[in-house]
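Chemist: Given these sequences and hints, build the entire structure.
Respectively, the protein sequence lines represent chains R and S.
For the first sequence, position 29 matches number 31 in this note's numbering, and the numbering has no gaps at all.
For the second sequence, position 516 matches number 520 in this note's numbering, and the numbering has no gaps at all.
In short, the hints are calculated from the structure, not lab data.
Please read these numbers as outputs of a predicted model, since none were measured by experiment.
Everything hinted at is true.
In silico DMTMM-like links for lysine to aspartate or glutamate, alpha-carbon gap of 25 angstroms or less:
#1 331/S to 136/R
#2 467/S to 44/R
#3 467/S to 89/R
#4 317/S to 22/R
#5 317/S to 106/R
#6 317/S to 136/R
#7 467/S to 48/R
#8 317/S to 126/R
#9 331/S to 30/R
#10 332/S to 126/R
Derived Cβ-Cβ restraints for the label pairs, each shown as a range:
#11 143/R to 298/S: 44 to 54 angstroms
#12 39/R to 510/S: 21 to 31 angstroms
#13 404/S to 62/R: 45 to 55 angstroms
Note that the Cβ used here is the ideal one computed from N, Cα and C, for glycine as well.
For reference, the chains in residue letters:
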Amino acid sequence: MTNKKSFTILLVEDNIDHAEMVIRNLEEVPLSHTVVHLEDGEAALDYLHARGSFSDREPAELPHLLLLDLRLPRLSGLEVLARIKGDDRLRALPVVVLTTSDAETDVAQAYARYANSFLTKPADFAELGRMLKDVVFYWLNWNRL
Amino acid sequence: MDNYTLSELIDLSTIQKLAEAHYQISGMPIGIIDAIDGSVLVGVGWQDICTKFHRANPSSLKACNESDDYIKSHLVEGEACRYLCKHGLWDIGLPIVVAKRHLATIFLGQFFYEGETPDRDFFLRQAQQYGYDLSEYLAALDRVPVFTEEKVDSIITYNKSFAKFIAELAERSLDDFSSKARYQAIVEGFDGLIYICSKDYRIEFMSGQLVKRTGRNAVGEMCYKVLHDLDSICPWCVNDRVMAGETVRWEVQSPKDGRWYYVVNVPIRNADGSMSKQAMVMDITERKQMETELQDKNRELESFTYTVSHDLKSPLITIRGFAGAIKKDIMTGRNDRIDEDLNRICNAADKMMTLLDNLLQLSRIGRVINPAELVDMTDLAKEIVANLSTILQAENAQVSVQSDLPTVSCDRLRILEVLQNFIENALQYRGQQSELQIHIGLREEGAKQVFFVRDNGAGIDPKYHQHIFGLFNRLNPQVPGNGVGLSLVKRIIEEHGGSVWVESAGEGTGSTFCFSLN
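Modeler: Given below as structure tokens:
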């Protein structure tokens, strides 16, 4: 275990209530991490490319995990996903789609754009907590990147 | 056609030649007389005694006419009527019956039977009675042919067949006439276009509809030029397949008028063995448009269902989620954020209510249409400004209205909603603008009147100009709203047969929302 290392999780979610639920549940995960919350697709790409309002960021410092909603203002989640997976520098970043949708077309389209995982937000708060714990542990602890 | 005559149905010059040959062989005078108007259709070998004496004298003609009437009234189809005329000569009548109508009569005679000595005194009396030149009359009498009974019988047998032959010929022509009329009715009754062209692309026939559409009868011209205004064979041409005997059904969009056509090509084998292509063409543009519209509607419905399910689910997750969070906080004694979380739940429930209201409103637009009325757009715009005066003042926003906007026919309440939406949008997306200026005006684009609502607010990046009219699409999650407003506007304008769009050079440059009404 690399407990000493601190991870960055980028959460792209336009619904502030949903973001709050995710963040609260992530706080419970016993793995040192920071959550960066952004509300739209353009901002997410600006962050990853360290440009626009994130131009003072070090571009080489990529988040360790991206939790991505699909219906986002300005640039949709699917578009963000496509741009990340089409970019040599960003491709390895694990992108977990976290959405209210369970539509088959969304699942298919997300995987067609090389999403690493597709999760539908459970309505139950505790269940969401368990899901996020599993996800974070899987990608940030067990999985070798 | 029910009052045809024999001369309209067949070529009588051929019959005349046959009759002449018949006279040469048999010596029997023959005539074919129209049964309706009494005109002579065919005649050969007629005797002077008739033409120069009996029928030339008005008094003796009377008796001739009586004889004719007798024969006429005693005619039976397929039979010969023999009659000794009032002037003492033999006459035979055979009817020509075409499709049950007695059209003409073959007359044979006049003549004497062999062994039957003409009563010379009778003829002398007639010469006296009618004042004929005696010597010429008697000479004419001597020229009257004489036949044995057997010969007459065989001539009758031949002429019975001849009458039947003429009748059948006429009937066939009558059939041709009917089928031609039927064919013509089918061609002219068809709302589409019909033409026939040869293997080398020359038009051989055009229906009346096609002549009308083309503006001329273009028989003999090249089909690709006449039909599609092309200078060489149409790239989609199916001539080869049709000439090889195949019936081809296909669709094409003509470059000449941009309309869609359904075409059925049937091969025609001509009498000389050559092939032609028949084309029946139906304009299916409207059907195509409806198909496209239906597809668009289906896509719209699909995306509507998708977005609705997503956006309705979203507040439910918030409600359910924070209910769970509160439960947990109570258990763990974290009471500090319970109030905040309850607010989140209430807001989510409110949001859902508004969403449902808006959706209901959206669905009503297509169904509930208020009757169109004449609306003075300046008055309408001013009314909205008055309605919104409190909020405009509070937001430090100025709205100016062009004073001479036209009066248009529209659903007043809906258009009011549209303008109000634009103003509210301008207020919400004012960006950093502290002195918001909104102007409602009109500009002419050709024949089109374009109303616009211009602001000096945040502006919209051109890449989002389409996106913002989509249901639930929003540019800034920080700005209140649920992404229904502009879809509502779009539907209202489209219900009016108009279009709506936004013009903006990008962020910080203000936006102009434009719409036209049909």
